[in-house]
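The listed protein sequences correspond, in order, to chains A and B.
What the first sequence shows, in the working numbering, is residues 2 to 416, in sequence order.
What the second sequence shows, in the working numbering, is residues 2 to 416, in sequence order.
Just so you know, the hints here were simulated from the structure itself, not pulled from any lab data.
There's no promise every hint is true.
A pair holds if it fits inside one copy or across any two, identical chains being indistinguishable in the list.
Below 30 Å or equal to it, Euclidean Cα-Cα: the simulated DSS-like pairs (lysine-lysine) are [what the hints assert, rightly or not]:
#1 K158 x K101
#2 K179 x K101
#3 K365 x K179
#4 K184 x K158
#5 K117 x K101
#6 K117 x K158
Number of protein chains: 2
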Amino acid sequence: MRAEILAVGSELLTPLRSDTNALWITERLIEVGVEVGARTTVADDPSLLESAFRTALSRSDVVISTGGLGPTEDDLTREAAAAALGRSLRRDPVVMEALKARFARYLRQMAPNNEKQADVIEGASVLVNPRGSAPGLSVEDGDRIVVLLPGPPSEMKPMFEEQVLPLLRARTGGALLKTRVLKIASMSESDVDHTVAPLYQTFTNPRTTILSAPGQVELHLTASGASLAAVEERIESLASGIRGLLAGRVFSEDGQELPAVVGALLRDRRLSLAAAESCTGGLLAARLTSVPGSSAYFERGFVTYSNRAKVELLGIAPELIEAQGAVSEVVAAAMASGARHAAGADVGIGITGIAGPEGGTDDKPVGLVFLALDGVAGTRVRRAVFPGDRERIRHQATQAALEMLRRGLLGIAPL
Amino acid sequence: MRAEILAVGSELLTPLRSDTNALWITERLIEVGVEVGARTTVADDPSLLESAFRTALSRSDVVISTGGLGPTEDDLTREAAAAALGRSLRRDPVVMEALKARFARYLRQMAPNNEKQADVIEGASVLVNPRGSAPGLSVEDGDRIVVLLPGPPSEMKPMFEEQVLPLLRARTGGALLKTRVLKIASMSESDVDHTVAPLYQTFTNPRTTILSAPGQVELHLTASGASLAAVEERIESLASGIRGLLAGRVFSEDGQELPAVVGALLRDRRLSLAAAESCTGGLLAARLTSVPGSSAYFERGFVTYSNRAKVELLGIAPELIEAQGAVSEVVAAAMASGARHAAGADVGIGITGIAGPEGGTDDKPVGLVFLALDGVAGTRVRRAVFPGDRERIRHQATQAALEMLRRGLLGIAPL
C-alpha cells in the first residue's frame, strides 16, 4: 500500500511556518507497513488543491490531508477533495448539533461561517474531533481511502491514532512492526552511538536508529514479527544489552519524558519537592507541573530572578552572593537547601546560570549553569556549560536538573 | 508568477532526513516576487516522478526540482522531466568533457555510470556546478521554466543564486512581495474572520490569510509592488483598517510574541512584575523570562502549587481558600495582590484554575481558570474556560494573563 500526504495551507509555503504533521504521520504509517510515496504542501487555492487531490488519487492507495478544515474562506479542503472525487457535499445535521454543543460548552456564540464545518462529502464517514471544532472525514473510493484531518497537531494526532490507524491496520492485516524508544539525557549522540553501535550492528531485526532530540538522545529499536509477543521479545533482547552498556543512563523505554519519570519516582517514595530557579525562570517548575497529578509531590517553586528574591525567599546571605556572585556553586547549593527548608519539602533543587545572550564574561560565559540537589543522596552540585541560544540553554539546564534528581533518587552516582 | 518545488529522493520521505532546500528556495523566490503554490517531496520512482513533473507543469509557471541528478540508478530526475515535457535526452559532449576534467582534477577515474550526468534535455541550457559532478538544467517551455538542480545544499544554493535567480528576475521585472503578520490573542479564528473579512475581501493586493496558532490568531497580509515603499504602503492601508475594526486587539505587527510585547511595555514604564501561579505551575514565569533582558522588569515568581504555599508565600487567609476554594475569583485576586506586595513589585498577576485531566467538577470543570491583575488599572479579575488538554489549557491561561496585562498597561478595557 502506498500513501501520499497533503499538507494544506499557504502559510506552510512561507518561511514563517513549517509542517510537522507529515513527518509524524510518515512514522505512524511505517509502523503499520504503509510506505509514503509523495508528500505535498499546497496553497489555499481551489484549483491547486483540487489538482493535488487528483494527482494523489491517481497514484496512491491512501491519501491523507491535514489542514484546511476550519471555518474561514481559506479553508477549502472539503470542497477540493469532493471535486477531485466527483462527489457532492451535504450539510450533516448530526455534525451541526455537535458543533453547536461545543460552542455552547465554551460559553461562545457560534459564528455563521462555522456552519460549513458540518459539510460532509457524500458517502464519507465522519471522524470525530474531541479537541477542536473541525471534524475529519474518511472516504472509501474503490480500493483507495481518502482521509481529511484538521491541521493543529493536538487535534490531528489523537484522531489519526484512534480513528485512522485502525482503518489502515484492517487493510494491511499482515506483519506487525513496533518501535521502542530508549531515552538518554546525559550523553551526546556520538558518545551513545560509540558505546552501543558494536552491539546493535549485530542485529538486523530490530533495526536501530539513533536520533538527537533537544537535551536528550533517543535510540529507536524497530522490530517486526508475526505476533506482538515475538516482536517484544526481539526488542527486549537488544534493549537489555543496551541497558547494560549504558549503565543507568537510559531513563525511559515507554515514551515518558524526564518530568514524568522523576515524578513517578517521587510519588513512589512519598517525597515532596521544591525548586528554586534563577536563569530557567520557572521552566523547571512548568515542566514538572506539566505532568498530570504532579500536585502529589510538587510543593512549590521559587522563581528568584532578582538577588533580592534569593535573599528574601530562600534566606541566602547577601554576603554570599556578593562574594561569589549569584551564578556560583555555593549559591546554587544555598538555593536548593533554601527552597527545601522554606517549603518544608523533602527535596530541594537549585538552578542558577547565564542564559544569555547578554551577561557572559570570560570567567562565567553564556551557557554556564550550576545545578544543586539537596535532601536526597546528601547535597550534590554540578557545574555545566551548555551550547546554543537562550532557549536551548534553559531547556538543557532543566534536563540536567531532572537527570540529577533522577540519579539522586535512584542512588546512582552523580555525573 | 507561480512556482512549484519538487524535492526528489526516497530518503526525504523517511523520518530520518528532511528537506531543507525547499524552504530556502521559497525564501529566495519570495524576494523576487515569485510565490510558491505547492511543494512536493517525491520518491525515486519513475512513474511517481514523471507524474509529479506533469502535475507541476499543468499548474505552475516555474518548476524547480532538487535532487536525483546523480550517477546511480536511483537518480531519475532528468529522465522524468524529459518524459513529462515530451522531449528527448541527448548526451552532450561539452558536458562530458567537463565531467572528465573534473574527475581528472581530483585524480579519480570516472565510473561508466557517471556518463549519464552528461545527458541534457533537448533544448535545455546547462547550469554549471563548480562544486559537484551533477550539472543542472533549465528548460524554457512556452511561458514556463523548468529548472533541475542537484540536491546537496552546498551545490544547489550557489547555482540557484548565480544562475537561476537572474533568469527569474528577468521575467518578473523585479516586483517585490512582502508579508506582515498581525497577531491577536483574545478572539477565536472565526470571530476574527467574521470581523475583518468584509474589509480584507475588498483588497486583492494585499491578499490576506488567517491562521490559528496556539492561543492566538494571525492575519498574514501579503502585498506585491514595484518598490519596498509601495509594498509597505499597500500593506499599511489594509492593516490600519484592520486595527480599527479590531479595536486594540492586535498586539503585534513585527513578529514579536506576547511575552516580548508585554516586556517592552513594562520596561518603557519602568514597572516591575511579580507572578503567582497555581495551575500554570511556572509556565507564565518561564515565558516572561524567555525574553532576553527580562530581569529588568521581572522581579520574581511564586509557583504556589499547594494551598500551604498560597498561605505562606502570598499571605492568603486559609479561611478564604476554605470558603471559596483555591480555584475562585477571590483567591485569584488575592494571589495577584499577594504576589505584588510580597515581592514589593509594581504589578502582580495571579492565575488559578483546573488544568486537568483530573480534578474537574460540574461547578468547576477542567479548563476553568481565574486570572487576576493588580497594581495597574486597579484590580481586574477574569473567569475563562479553555478547551483542550492540560498543555493547551495551561498555554491559553498564560496567553490570557499576558493579554490581560497588556490591556491593563495600555489602559484598554478588560475582556
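Hint check:
Taking the shortest alpha-carbon separations for K158 and K101, only the intra-copy value of 23 Å comes in at or below 30 Å, while the best inter-copy value is 51 Å. Neither within a single protomer nor between protomers do K179 and K101 lie at most 30 Å apart by alpha-carbon distance, with minima of 40 Å and 38 Å respectively. Within a single copy, K365 and K179 get their C-alpha atoms no closer than 46 Å, and across copies no closer than 41 Å, so neither meets the 30 Å cut-off. Within a single copy, K184 and K158 get their C-alpha atoms as close as 22 Å, and across copies as close as 26 Å, so both meet the 30 Å cut-off.
Proximity of K117 and K101 under a CA criterion of 30 Å is satisfied intra-copy only: 12 Å inside one chain copy versus 62 Å between copies. With identical chains, the CA atoms of K117 and K158 are at most 30 Å apart within one copy only, with a shortest distance of 23 Å there and 43 Å across copies.
Consistency note: the structure conflicts with the earlier hints numbered 2 and 3.
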